[in-house]
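**Q** Construct the complete structure from the given sequences, taking the supplied hints into account.
Protein sequences appear in the order of chains A and B.
The first sequence: position 17 = 17 (the working numbering), numbered continuously.
Start counting at 1 in the second sequence, then tack on 98, and there's your number in the working numbering.
FYI, nobody ran anything at the bench for these hints, they're computed from the structure.
A couple of the hints might just be wrong.
[Claimed, not checked] Rough simulated footprint, nothing fancy, chain A against chain B, three-plus residues with beta-carbon under 8 Å:
(1) 644-658
(2) 680-690
[To be verified] 20 Å max Cα-Cα, derived SDA-like pairs, lysine to any residue:
(3) A:65 x B:417
(4) B:751 x A:37
(5) B:666 x B:417
(6) A:62 x B:736
Quantities reported herein were computed from a predicted structural model and do not represent experimental measurements.
We treat Cβ as the ideally placed atom computed from N, Cα and C, and that holds for glycine.
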Amino acid sequence: MQITKEKNGNALTISVSGRVDTVTAPELEKFINENIDGVTDLVLDLKEMNYTSSAGLRIILKTQKLMNKQGVMKIVNVQSDVMEVFEMTGFVDIMTIE
Amino acid sequence: MKKNKKSTTLAASVIRGIVTALVLFSLLVSVIGFIWFAESLKSEYAKSTYRMADTAATLIDGDNLLKYVNEGIDEQYHEVKEKLGIFCRKIYVTMIYVIVVDTSDYGRFQSFYNTVYNEVDNTDYDEWEPGHKRDTTNDDYRMKYKAIYEGKSDYETVYRLHITDGKKQHITTLVPVKNSSGEVVGILCMQRPVSSLRNQMLQFLSTIVFIALILSAVTAIIVTKRNKKNFVAPIQKIAEETVRFSSGDMIAGKLGEISHVEEIRNLANSIDKMEEDMIHYIENLTSVTAEKERIGAELDIAKTIQENSIPNIFPAFPERNDFDIFASMTPAKEVGGDFYNFFLVDDDHLALVIADVSGKGVPAALFMMVTNIIISDRTHMGGTPAEILAFTNKNICEHNKADMFVTVWLGILELSTGKMIAANAGHDDPAICRKDGSFEIVKNKRGLVIGAMDGVVYKDFEIQLNKGDKFFLYTDGLPEATNADEKMITIDGMLKILNCHKEKSPMEILNGINESVKQFVGDASQFDDLTMLCVEYKDEECNNILTLDATVENLRRVLSFVDDLLEKNDCPMKTQMQIDLSVEEIYVNIANYAYGEGVGKAEISFENNNGEITITFRDSGTPYNPLDKADPDITLSAEERDIGGLGIFMTKKNMDRVSYEYKDGQNVLTMKKHL
Numbered sequence: 001m002q003i004t005k006e007k008n009g010n011a012l013t014i015s016v017s018g019r020v021d022t023v024t025a026p027e028l029e030k031f032i033n034e035n036i037d038g039v040t041d042l043v044l045d046l047k048e049m050n051y052t053s054s055a056g057l058r059i060i061l062k063t064q065k066l067m068n069k070q071g072v073m074k075i076v077n078v079q080s081d082v083m084e085v086f087e088m089t090g091f092v093d094i095m096t097i098e
Numbered sequence: 099m100k101k102n103k104k105s106t107t108l109a110a111s112v113i114r115g116i117v118t119a120l121v122l123f124s125l126l127v128s129v130i131g132f133i134w135f136a137e138s139l140k141s142e143y144a145k146s147t148y149r150m151a152d153t154a155a156t157l158i159d160g161d162n163l164l165k166y167v168n169e170g171i172d173e174q175y176h177e178v179k180e181k182l183g184i185f186c187r188k189i190y191v192t193m194i195y196v197i198v199v200d201t202s203d204y205g206r207f208q209s210f211y212n213t214v215y216n217e218v219d220n221t222d223y224d225e226w227e228p229g230h231k232r233d234t235t236n237d238d239y240r241m242k243y244k245a246i247y248e249g250k251s252d253y254e255t256v257y258r259l260h261i262t263d264g265k266k267q268h269i270t271t272l273v274p275v276k277n278s279s280g281e282v283v284g285i286l287c288m289q290r291p292v293s294s295l296r297n298q299m300l301q302f303l304s305t306i307v308f309i310a311l312i313l314s315a316v317t318a319i320i321v322t323k324r325n326k327k328n329f330v331a332p333i334q335k336i337a338e339e340t341v342r343f344s345s346g347d348m349i350a351g352k353l354g355e356i357s358h359v360e361e362i363r364n365l366a367n368s369i370d371k372m373e374e375d376m377i378h379y380i381e382n383l384t385s386v387t388a389e390k391e392r393i394g395a396e397l398d399i400a401k402t403i404q405e406n407s408i409p410n411i412f413p414a415f416p417e418r419n420d421f422d423i424f425a426s427m428t429p430a431k432e433v434g435g436d437f438y439n440f441f442l443v444d445d446d447h448l449a450l451v452i453a454d455v456s457g458k459g460v461p462a463a464l465f466m467m468v469t470n471i472i473i474s475d476r477t478h479m480g481g482t483p484a485e486i487l488a489f490t491n492k493n494i495c496e497h498n499k500a501d502m503f504v505t506v507w508l509g510i511l512e513l514s515t516g517k518m519i520a521a522n523a524g525h526d527d528p529a530i531c532r533k534d535g536s537f538e539i540v541k542n543k544r545g546l547v548i549g550a551m552d553g554v555v556y557k558d559f560e561i562q563l564n565k566g567d568k569f570f571l572y573t574d575g576l577p578e579a580t581n582a583d584e585k586m587i588t589i590d591g592m593l594k595i596l597n598c599h600k601e602k603s604p605m606e607i608l609n610g611i612n613e614s615v616k617q618f619v620g621d622a623s624q625f626d627d628l629t630m631l632c633v634e635y636k637d638e639e640c641n642n643i644l645t646l647d648a649t650v651e652n653l654r655r656v657l658s659f660v661d662d663l664l665e666k667n668d669c670p671m672k673t674q675m676q677i678d679l680s681v682e683e684i685y686v687n688i689a690n691y692a693y694g695e696g697v698g699k700a701e702i703s704f705e706n707n708n709g710e711i712t713i714t715f716r717d718s719g720t721p722y723n724p725l726d727k728a729d730p731d732i733t734l735s736a737e738e739r740d741i742g743g744l745g746i747f748m749t750k751k752n753m754d755r756v757s758y759e760y761k762d763g764q765n766v767l768t769m770k771k772h773l
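**A** As structure tokens, then:
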């Protein structure tokens with residue numbers, strides 16, 4: 001798993017690539033925690049993310065809850081396999097996925 | 099508890115000592131002088147009194163005295179008494195009286211002349227009438243009366259110096275009164291006060307004490323001054339210098355020749371030298387410590403380089419299912435001379451190396467690096483182990499200035515057949531555990547150690563490994579590990595430990611041995627490097643079962659195990675991801691919860707029955723059915739939704755069937771999916 005970020009004022013884009021599983025998820029959580037302060041416009045770019053387990057979903061949901069309080073969150077470029085997971089778990093209904 | 103003595107200075111204590119000694123001495127001299135003076139004064143006083151009394155006695159007519167006893171006094175009596183009174187006043191004594199003693203027992207006497215002069219000593223005596231009779235006052239008088247009457251002495255003196263009945267201190271001198279025929283008929287007693295005597299004595303005493311004290315004081319001052327110059331001042335200087343130096347002012351001060359007293363001069367010189375030496379030592383220590391730190395840092399880097407010069411990431415070949423390998427190296431010092439190595443020469447050949455360089459530490463580590471590089475390079479070029487060892491020996495010998503040597507065991511395992519060609523340059527024989535058997539030593543031809551002699555020829559030998567066999571290489575640090583009682587593990591002990599773990603994976607076997615060695619050695623320090631390598635030539639059937647410690651860290655191993663099998667079974671990518679996801683959820687659940695805080699085993703088995711994949715998880719942890727948990731409500735809003743609980747739900751959704759049972763003390767979770 002690799003994580004990159006692009007910050008533009010209060011807008012932040014976090015790009016995640018590779019596998020988000022139980023082993024790598026804590027790293028993503030830490031990364032988001034360290035960068036989320038003051039962000040009102042968050043974009044999660046999952047173009048290169050080809051796998052996520054419930055550990056990854058947990059963090060996405062947690063981040064969504066946080067962003068509901070301080071701004072908006074948008075998930076973009078979701079691969080079809082991952083999209084199936086989002087659909088299966090009802091994430092598509094509670095998140096903005098483009 | 100001992101009371102702390104009050105702190106004092108050297109000068110004060112020296113002066114105190116001198117003054118005390120002198121005062122004691124002068125007091126002693128005064129007392130002795132006084133006693134001597136008092137005795138001679140007393141005796142002189144008694145003598146002069148005697149002479150006065152003797153003179154007075156000439157006034158008394160002894161014949162008349164006897165007459166008065168029998169017939170009473172006459173005219174002449176008054177005349178004599180008158181003279182006696184004048185004499186008494188002239189010579190300034192308290193009392194003169196003449197007595198006639200009853201000689202039967204000297205217990206009574208009769209007084210005739212009695213003249214008193216009270217002014218002398220402010221007394222209040224009354225004069226006795228002539229013929230006044232009295233009993234003798236005490237035995238002292240009685241003895242003396244007797245001595246006078248019997249003519250044994252010319253005079254006697256009675257000292258009344260300790261009087262308690264209110265009378266004044268005095269002496270009484272007794273002289274005989276004789277008649278015309280020379281017989282003693284009476285005694286003249288003269289009482290003389292001692293106040294003047296006492297006054298003289300007191301005057302003497304005060305004078306002598308005064309002089310002694312003055313002399314003491316003068317002596318004390320002189321001695322103190324001399325002491326101060328010769329001892330106290332130099333010692334104070336020394337003390338000041340040491341206080342200055344020890345308070346952290348680390349500059350060598352020079353005391354120099356501060357005294358002509360040899361001991362003090364030596365002390366001062368020693369302190370000068372000690373300060374210089376100490377500064378020198380501290381400088382030395384500082385640079386040595388810095389150097390040590392630098393070497394320590396370099397050793398740390400060297401350790402990292404050495405550790406990374408051999409494969410140390412496990413599983414080393416996660417893509418290979420036909421063998422499993424694990425190795426460990428524990429140097430006695432930061433860096434060691436032992437090493438192992440293993441690498442695939444090609445897809446079908448696995449090279450195994452274990453070696454032990456003579457000596458330990460940095461020299462051994464450098465030698466080890468060189469040897470390892472030569473062996474691995476030469477192995478990649480092809481050839482049999484015997485050829486490789488001969489080549490290595492030749493190269494090492496050419497540059498072996500330090501006369502070091504290294505024992506090497508090198509084997510090349512043909513993975514498709516299990517045939518291993520090996521050669522041994524003086525190394526310990528390996529151990530092998532046949533499938534369903536026990537570990538035992540495999541003895542083979544052993545050649546000379548590498549580096550000892552140029553031109554040595556090594557011989558190849560063959561060991562056939564069968565599926566399920568385990569092969570174990572080690573250095574002598576293992577059988578020769580020694581505990582505090584100087585007992586070694588020995589080869590037999592090593593085999594025993596090995597057999598305790600023989601059912602386990604190579605990694606678990608080595609961890610088990612390391613644990614056992616640690617327990618055996620106890621507090622004794624590790625003397626030799628300890629290096630081990632274990633390879634399992636895996637049974638094909640076992641390839642569908644993975645047993646490991648149920649930890650999150652092992653997740654990747656589980657996934658690669660499953661992925662390898664799925665790929666072999668031509669599983670579509672999408673299905674593989676779904677299965678991966680389910681495997682992760684179930685496995686992580688076991689890793690996190692089955693054994694509480696502890697670590698236990700998990701077994702994952704894989705089956706393919708005509709396109710239906712069955713994956714079964716087994717663990718011996720707390721009985722728990724994860725499928726019992728209610729599915730999360732996925733229609734709720736983000737705010738209302740629980741963060742967890744999605745894993746099992748997704749597993750159920752992704753797999754065709756998921757079932758749980760608790761059987762034979764194990765949680766058994768089975769998931770099925772059609773490809």
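**Q** State for each hint whether it applies.
**A** We went through each hint and held it up to the structure:
no.	hint	verdict
1	644-658	holds (count 5)
2	680-690	holds (count 3)
3	A:65 x B:417	violated (40 Å)
4	B:751 x A:37	violated (36 Å)
5	B:666 x B:417	holds (12 Å)
6	A:62 x B:736	holds (9 Å)
In this structure, the earlier hints numbered 3, 4 are contradicted, and the remaining ones agree with it.
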